[in-house]
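J.: Sequence:
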Amino acid sequence: MQFTIYNTAKREKEPFTPLNPESVKMYVCGPTVYNLVHIGNARPAVVFDVLKRVLDTLYPEVVYARNITDIDDKIMKAAAESGRSIDSIANEYTDAYVADMAALNVQQPTLAPKATDHIQAMLNMVQKLVDQGHAYAAEGHVLFDVRSMDDYGKLSNRSLEDMLEGARVEVAPYKKYGGDFVLWKPSSEEEPGWDSPWGRGRPGWHLECSAMIAEHLGESIDIHGGGRDLIFPHHENERAQSQCAHGGKQFVQYWMHNGYINIDGEKMSKSLGNFRTVRGLLEQYHGEVIRYALLSAHYRSELDFSVSLLDQSKASLDGIYTALRASAALPAVEVDIKTSPAYAALLDDLNSAMAISELHALAKELNRDGENAKPETRAMLLELGKLLGLLTVDAETWFKGEASDEDAEINALVKERDEAKAAKNWGRADEIRDELKERGIILEDSKDGASWRRA
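In terms of this note's numbering, the sequence shown opens at residue 1 and continues consecutively.
No lab work stands behind these hints: they were computed from the structure.
Quick caveat, the model's predicted, so the values are computed rather than measured.
Backbone N, C-alpha and C define an ideal beta-carbon position, used for all residues, glycine too.
Errors might be hidden in some of the hints.
What the hints assert, rightly or not - Computed list of lysine to any residue pairs in SDA-like fashion (alpha-carbon distance at most 25 Å, straight line):
1. Lys-154 x Gly-133
2. Lys-249 x Leu-19
3. Lys-415 x Glu-376
4. Lys-13 x Glu-365
5. Lys-114 x Ser-220
6. Lys-314 x Lys-154
Unchecked claim - Here are the simulated distance ranges between beta carbons:
7. Ala-361 x Asp-56: 22 to 32 Å
8. Pro-60 x Asp-434: 36 to 46 Å
9. Glu-396 x Glu-334: 19 to 29 Å
10. Asp-311 x Arg-147: 45 to 55 Å
11. Ala-344 x Lys-374: 39 to 49 Å
12. Asp-369 x Glu-334: 13 to 23 Å
13. Lys-386 x Arg-228: 24 to 34 Å
14. Asp-336 x Thr-392: 52 to 62 Å
15. Thr-17 x Glu-409: 57 to 67 Å
16. Asp-56 x Glu-161: 14 to 24 Å
17. Ala-329 x Glu-219: 46 to 56 Å
18. Glu-409 x Lys-364: 32 to 42 Å
19. Asp-369 x Asp-151: 51 to 61 Å
Hey, can you work out the whole structure from these sequences and the hints?
T.: Here it is in structure tokens:
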């Protein structure tokens, strides 16, 4: 089966052919670590985590880099407002990001380069661009000359005039052209900075990703991903400075961008105050519920993120885990995930929504067949879940939550109720049932005794 990807640069879906089938190179823009990440940051992390898992089934090696932007004006502002060091802020929120993504079953990338570890690589790239006439120094800044590149704007499909208007930038007097962007900017004594041929300063945001990609993945890579909001100016400028620094060599073969997230029908934005942090959501929902919600729509579509969607996702996962719990006695067998319709859906531009529908079809088959259910059906359900980063929890644990002293108490009460029923002490059995119900525990009776789950 052929893997196809919607390539933003060509605005069409096309077969994926890696530069080197023995080692696929992939880069995704990571977070700027000045605060807890919001659900919009989580969508690309989850989407491209699934992409990495799919690529792993097709190629012997996939090198996946997702950066950490740990030097930025937002971090500097957060440090100044809190009276803390920039390193302290960046380290705290890097750790928080890693923990939050782990809770969403996002695997660690192969590489997680930090911008501050690559200052020399950035300076080397700036020098190349200056030497080749694609950049110029002005008043302590070094700027990329967008008019020096014949096809600047090709990725975002904009003219220079459109981009200048869309960027909404104040045109600094030292710019040759209003659309020229900063590669290196001066730092005051109070601001973090590094020595350079153009004075003490710090890198521009766009430069950081280009330098880290060149350092770790090479001058040309297979896939570059991120949110749709990064197409312009960030990815457009990455493409420009990378290709000009490397003699016009194509920087990225396939550009992939996930759609926006809307909160309760409105585009998520700080001005509307409708940001939802992953950390806050994890206090209310299991990480798999959030992940399921993020994968419930095609990655290129806008996603309406709401409490209703999360509750629906929880109910959907409950249904699948119910089928897994009921079929737990089936023997483990090996299956070929590549024979599943869900796998074919993922090969078709990562159609996770279609793949999830196959999860439900398999769960329905398990429930329908009951005692005659096939081990292969259950095994395929689990393998597909693994590919999507779902169904990683033991079914009993999913319904009961993590083991605790309360669990032991509940288990004791359920056992006592079974014994009371066996002794025909219906009054005591009913008392225990009512007590557990008040505590949010649902009992499910069977010929083998009662089991329980939280409501």
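J.: When you take the CB atoms of Asp-311 and Arg-147, is the distance between them in 45 to 55 Å?
T.: Taking Cβ atoms as reference, Asp-311 and Arg-147 lie about 52 Å apart, which means the hint holds.
J.: Quick check on a hinted range of 36 to 46 Å for Pro-60 and Asp-434, using CB atoms only.
T.: violated (59 Å)
J.: Range hint 39 to 49 Å: satisfied by the CB atoms of Ala-344 and Lys-374?
T.: Given a distance of about 20 Å, which is not inside 39 to 49 Å, the answer is violated.
J.: Tell me if the straight-line CA distance from Lys-415 to Glu-376 falls inside 25 Å.
T.: violated (33 Å)
J.: Lys-154 and Gly-133 were given as a pair; does the straight-line alpha-carbon distance stay at or below 25 Å?
T.: Distance ~20 Å between Lys-154 and Gly-133 Cα, so the pair holds.
J.: Given the hint that Lys-314 pairs with Lys-154, does the C-alpha gap stay at or below 25 Å?
T.: violated (42 Å)
J.: Verify the CB-CB distance for Asp-369 and Asp-151 against the hinted window 51 to 61 Å.
T.: holds (58 Å)
J.: Please work out if Lys-249 and Leu-19 have their alpha carbons no farther apart than 25 Å.
T.: Measuring from Cα to Cα gives roughly 13 Å; hence the hint holds.
J.: Is the hinted range of 14 to 24 Å satisfied by the C-beta distance from Asp-56 to Glu-161?
T.: Violated, at about 43 Å.
J.: CA of Lys-114 to CA of Ser-220, is that 25 Å or under?
T.: Between Lys-114 and Ser-220 the Cα gap is close to 20 Å, so the pair holds against 25 Å.
J.: Could one say that the CB atoms of Ala-329 and Glu-219 fall in the range 46 to 56 Å?
T.: Because 55 Å falls inside the window, the suggested range holds.
J.: Confirm or reject the claim that Asp-369 and Glu-334 have a C-beta distance inside 13 to 23 Å.
T.: holds (20 Å)
Hints 3, 4, 6, 8, 11, 14, 16, counting from the list given before, are not met by this structure.
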